[in-house]
Amino acid sequence: MKQFLVSICLAVACVGVLPAQTLPPQLFSGMEGFTFLPDGTAVPIWGYGWVSDGFITLPAPLLTYEEGDQVQLNFTNPSPESHTIHLHGLDVDQANDGVPGTSFFVATGGQTTYSFSANYPGTFLYHCHVTTTLHLTMGMYGMVLVTRPDQTLFEGGPAYAEDVPLLFSDLEIATNLDPVGSFPFHDIRPDVFMVNGVSGSQLEAGERIIHYEPGQPVALRLGSMAYSRMELTFPAELNATCYMSDGRPVPVPFGVESLTIYPGERFTVLINPDANWDGHITCDYWSMVDETLEGSNALHVRDAALHIAEAEGTEIVGWPNPARSSITWSHGDALSVWDAFGRLVCVTNLQNGVLSVVGWEPGTYVARFEDGRTARFVVSE
Amino acid sequence: MKKFIHSLVVLFYWSLCGTGVWAQQEVWIQKGIWEVGAENVPVIRLTPDTIWSDQNKVFSLTEETGDFLTVHNLDSLDHTWFIESSGADDVVIPAGGSAELELPALAMGCYRLGLSDLSGYRLGGSSMLQVGLPDIAFDSTALYHWNLSDWSTAEMMSIAAGEIPDEEAPYVPTQFTINERTYPATVEDPNALVQLNLGDSCLIAIANHGLMDHVLHFHGFHVSIVSSTHHPERVGWSKDTVPVRKGEGLTVQLVANQPGTYPVHDHNLIAVTNAGFYPGGMLTQIIVAP
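If you read the protein sequences in the order shown, they are chains A and B. Our numbering applies: residue 1 is where the first sequence begins, and numbers increase by one. Our numbering applies: residue 382 is where the second sequence begins, and numbers increase by one.
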């Protein structure tokens with residue numbers, strides 16, 4: 001059971017394809033994951049994952065509901081510390097608010113069910129509210145989308161073709177490497193700046209590019225769990241219009257050239273780009289403390305007609321998985337392997353794709369190949 | 382007969398107040414000590430009389446009606462008085478002296494005012510001017526106020542000692558306050574702790590006096606933005622996470638549509654700490670009785 005709950009972050013979240021799952025609605029919290037930076041550095045994270053997956057992700061899984069749903073969100077905490085789920089912006093009642101002092105926390109080994117009504121369509125967030133300053137920078141957050149079956153933003157609102165969740169966040173490597181030594185908390189200054197858990201060149205991976213069909217508006221679901229203030233710049237060719245903030249329609253929709261998003265805020269922006277457009281939305285991360293520009297990312301938006309066959313997301317498969325003595329990979333010649341605690345286990349060249357795991361401790365591992373792709377595998381007794 | 386004369390005096394007083402010809406408002410600028418956590422920090426406050434208070438006086442004005450304000454400076458330094466977003470000129474109040482200022486006619490809302498000189502501002506001589514609040518148009522009779530700020534206590538010590546801060550040095554705020562209180566003392570402040578009955582509503586006047594932007598997240602509720610000095614185009618928006626920019630005066634309406642106790646806090650999470658310890662800082666509560 002313990003092995004099953006050892007969590008690994010695979011940084012699998014991607015633009016437009018955040019890991020979404022509504023059944024079974026059973027989240028767990030973990031404190032033994034890690035994420036990879038563009039240069040391959042592994043950074044420890046805490047987070048949430050689906051029990052059925054057995055690993056945590058950064059950000060946490062996307063929760064999707066339909067307007068009017070009576071939601072029962074099951075949560076179990078096998079991790080060494082107490083955690084909660086605060087449903088940010090959903091205006092749940094006190095008992096389900098996920099704040100230790102006024103609601104309750106879920107201690108190690110505990111489980112609970114959060115109940116609420118998804119009364120309003122829109123973009124929301126969830127995060128741990130235990131020692132929030134620390135648990136958020138460690139990665140315990142995700143996005144909640146409440147949509148309408150008729151694919152309109154809200155009653156009487158515009159129709160759109162597709163949801164693209166974009167969750168902005170940041171972390172400070174030193175804090176994540178040494179959470180216990182991160183005191184004092186007011187000194188946290190992020191140095192990694194992310195969209196859906198990845199940054200920089202990782203956002204140029206094919207599956208992270210936002211593809212659109214001309215004439216079919218795309219709903220950008222923008223939310224921030226960053227410590228920074230976000231400044232987004234929308235090129236005119238995107239024809240961007242803001243319709244909602246914090247899960248409510250704005251009284252007068254407005255065209256967007258730039259948009260400021262503070263920590264915890266959300267906006268829904270429809271883009272209806274010109275045909276044959278290929279460009280970027282610039283995302284700048286400004287310090288809330290001293291107003292300095294700390295980092296930038298660029299979100300690639302492209303007409304689907306311009307999509308070319310590029311190396312994107314070809315999944316690497318290893319078998320058998322779980323493995324006892326060896327695992328054979330479908331691609332790749334060289335790889336590095338990390339254990340569940342973020343420790344480098346080996347860097348090796350493969351012979352005919354075969355990696356020997358003889359003598360390895362049973363548990364969950366992540367293989368990272370030369371081209372940056374990753375795969376999770378389990379070594380069993 | 383005595384009762385009749387008394388009534389005449391009261392009527393005369395109110396008629397003068399209503400026309401704004403009587404300098405009815407006064408404030409004293411004072412230097413004192415603020416106990417915050419384990420520190421005793423020299424501060425400046427705007428007090429309603431000569432008695433020291435470590436909380437700033439809040440001012441009020443009738444909508445679109447000017448008034449006069451007498452400012453007494455009990456400090457040994459000159460200070461400069463300002464009202465943000467009002468169009469009024471800054472006025473220097475000499476050390477040990479007084480000045481009579483005109484409060485301009487303003488639209489309904491909340492405005493920052495106080496001291497803009499280095500020691501006056503950085504040591505905390507800032508508060509708000511509530512104009513036309515509570516406003517019956519919003520059917521909210523209860524009114525709360527939140528003066529927000531962030532503080533580098535080390536920097537305050539050096540400013541109080543007459544030193545000029547190095548503007549190139551990193552700003553490291555260590556305390557974050559509502560009405561000059563850090564959580565949990567915020568919930569002992571009747572102006573910071575919102576207490577309502579189910580179905581009631583209130584207005585909350587908010588002003589940001591700090592060197593940082595702040596962003597308040599309301600648990601359990603969305604609030605409607607009623608006024609904003611910096612983003613008036615957002616009046617009418619319904620939000621659960623409300624940015625309050627440096628220098629901004631903002632008013633929100635809260636409708637207590639569910640019972641319970643709910644936190645309100647800065648979602649810049651370094652600001653929910655006291656000298657680095659969580660929880661603390663810019664955090665208060667809304668309590669709705671069933």
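Hints in this document: simulated from the structure, not taken from any laboratory. Remember, it's a predicted structure, so these values are computed and weren't measured experimentally. Treat the hints with caution; some may be incorrect.
Covered by chain A, per the in silico footprint, the following chain B stretches (three or more residues, Cβ under 8 Å) [claimed, not checked]:
id, stretch
1, 450-457
2, 465-479
3, 590-601
4, 619-633
In this text, a Cβ means the ideal position worked out from N, Cα and C, and glycines have one as well.
Hint-by-hint comparison with the structure:
no., hint, in the structure
1, 450-457, "violated (count 0)"
2, 465-479, "violated (count 0)"
3, 590-601, "holds (count 6)"
4, 619-633, "holds (count 5)"
Against the hints set out earlier in the document, violations occur for numbers 1 and 2.
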